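Q: Chain by chain, the residues run as shown.
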Amino acid sequence: MNTLNILLMGFISIVIINNMVFTKFLGICPYLGVSGRIDMAFGMGMAVTFVVTLSGTLTWLIDHLILMGTPLEVTRYVCFILVIAGAVQLVEMYLRKFFPTLYESFGIFLPLITTNCAILGLCLFINLWGIENLLEAVVLSFGAGIGFCLAICIMAGIRENLNLADVPDCLKGAPITLITAGLLTLAFMGFAGMIK
Amino acid sequence: MSNEQQAAVSLYKQTLIAGLWRENPVFRLLLGMCPTLAVTAAVKPALTMGLSVIFVLFCSNIVVSLMRNFLKPHLRILMFTLTIAAFVTIADLFLRAFVPRMSETLGPYVPLIIVNCIIICRAEACASKNTLTVSIIDALAMGAGFTLALCVLSAVREILSTGAIWEIPILPAAFVPWAAMRMPVGAFITLGLMLGLVNAATKKRKTK
Chain H
74 MNTLNILLMG FISIVIINNM VFTKFLGICP YLGVSGRIDM AFGMGMAVTF
124 VVTLSGTLTW LIDHLILMGT PLEVTRYVCF ILVIAGAVQL VEMYLRKFFP
174 TLYESFGIFL PLITTNCAIL GLCLFINLWG IENLLEAVVL SFGAGIGFCL
224 AICIMAGIRE NLNLADVPDC LKGAPITLIT AGLLTLAFMG FAGMIK
Chain P
20 MSNEQQAAVS LYKQTLIAGL WRENPVFRLL LGMCPTLAVT AAVKPALTMG
70 LSVIFVLFCS NIVVSLMRNF LKPHLRILMF TLTIAAFVTI ADLFLRAFVP
120 RMSETLGPYV PLIIVNCIII CRAEACASKN TLTVSIIDAL AMGAGFTLAL
170 CVLSAVREIL STGAIWEIPI LPAAFVPWAA MRMPVGAFIT LGLMLGLVNA
220 ATKKRKTK
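Chains as they are written, first to last, in this note's numbering: chain H, 74 to 269; chain P, 20 to 227.
Hints are computed from structural coordinates only; laboratory data are not their basis.
None of the values given here were measured: they were computed from a predicted structure.
Please note: incorrect hints may appear among the correct ones.
To be verified - Far from chain P, some chain H residues (derived; all Cβ distances over 10 Å): (1) 99; (2) 169; (3) 201.
To be verified - Computed from the model, here is a short list of chain H residues facing chain P with C-beta under 8 Å: (4) 105; (5) 109; (6) 151; (7) 154; (8) 197; (9) 198; (10) 202; (11) 203; (12) 244; (13) 248; (14) 263.
Positions of the beta carbon are idealized from the N, C-alpha and C atoms, including for glycine.
Extracted from the complex, chain P is given alone in its bound form (with noise of 0.2 Å):
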């Protein structure tokens, strides 16, 4: 392998690591966190969430790092949010056509993925200024952590709220379940306590 290529794929790695991990978009970067808060009552509709992200993401980072070249600085937001515009409503039709109750669960939170910061944050930070093969890997990256961290943050309020996990019971028939954990306040204090417990774990790393 000859040099250049060596460095390709240590920035591809590096592109990959920063997306599921150091650069967490909802743990580390704190983007997104309407759809974070207002979809993980459950790991199921949490996951179509994600899902939807990464398409989104995938198609419209594609998109912006094709035509970064052509792109006016003042007009560049706007065309941003349009090309994520389509995106969102393919995406939006195909859950309604395919899975319409979940589309119902979802409601109006699938067309604010428009508004999702973090599919402007990379389209400006990394599509726009980088080649093709970086903005795909990131876009995976960068969906992933974000799919990651709905279904952890929904799987426990699922497993509190409910006793079950993917509506398969787990927890034993006497545990009473915390009907708070369903509601906003649940979603507010359990995300603020993770990103708690992120905040420790990494700052032991470093001074380890």
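Chain H extracted, bound-state conformation (with noise of 0.2 Å):
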């Protein structure tokens, strides 16, 4: 298989297989709290995409460049969420200068994103699988960030009719949408062996 291929397969992997909430459990936090509406869902998804890419690439540099075979290797997890926290910030400094509406929005969610366990999971997932090429975790970032952002705006669209059901009083609220994510997990299982 050449290059693209591999680069495809991972991709489509990672957004739709291994989605990084429906099987990995990562980033249920955002998930539950702010996939009220759909615009705000895309907006999250977008933010979380862009610090999930660049701290996937950032931590597999640091990891490879420096701290790999040497004694520092125990600090890698102070290093990675250094780096996740330096991302956040520049994120929030970019978005409060162009985008101040979105920035209002978006509130308190936005410096929690460095709390976000989908960042630090998928960077301690690369260094799991032992990518070894930097190419290919700078695509595997990039698609946990897309798949999260599919997650939680699919999540947003079904709490928006979910607003207009008739659901019983104890279930209102987190339980319902914990067993929503449960059924839309049970479909995304249909996709499992697509690729092997």
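Each chain sits in its own coordinate frame; assemble them with the hints.
A: Structure (structure tokens):
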């Protein structure tokens, strides 16, 4: 298989089959918190995509160029979290300067991207899967962001309609969202086995 | 006992109850969802996860509480995260050395404790404002509440997915295991229903 093919397969696999939200349970907090309206969900998804691509690439570089094979490997988690915090700060400054309305509507959720498990999770998974190629790491990070965006947008669409549905009192809010997410996971399981 | 001491004891008691039930991190605050869903396919990994979280929470609350007077407001989240990352590294190395197989099962979810919202939330909401004793009690109570929730959830999933608990079979052999409970679907739906149950229980108590 040539390189392009491998990259394409990796991309599709991480967007649909190994979707971060549905199969790895990463990024559940913003998934439950922000996914009330489609436009906000999309903005959040885009912000996460940007941060995850940036930090996935940077952590791969740091890991391979500096840490691997040295005793410094112990400080891997500390380095990863610092890179992510820096990347989030960058996005925050950019949004505040160029898209003030979007910045306002994110509110507390923007700094919280730092503690979004999807981002640190992806950096750790790239390390765990032993990705040896920079290009592959970039594509996987970007794919993970798109996958998160896809999941959160689907959920926001469902939740906009869920507001009109007659849900039992005790299941309103988070419980019904979790059950919906469960059913979505079931749907996404249909893609498993599409790529070996 | 003087009045002051009594007030202190009642504060400790309140913190304890808040962590275990009234503000249970999983059932009431909805924090730390990703390990809750990811490691609860069986009781053993869930318990290991719970204990690691107790350890990290305990240590980070102590450190944060001790340095709370030196922190600059805009740098505090960063300091919290770095403290937590250091303790998580310790926990991860410990697990890898002493229970390597469990460490393999938990995989990246141990380092992911760094971004577990419970720990940052407790550092921010409790340890950075309270004395050392209160922070320690809060850490233990919240950690125990989290572990409890994890164990309940994982017990339900393990029984339904394998008919066993702690790998000891308890259901008759005729029981057909629900494979779905081991998969992500089972995690989401069990937690959703359980949150619904907790909501219903608290509502009933309020109307009484």
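Q: When the structure is checked against the list of hints, which entries are broken? Sort them ascending.
A: 1, 3, 5, 10, 11 and 14
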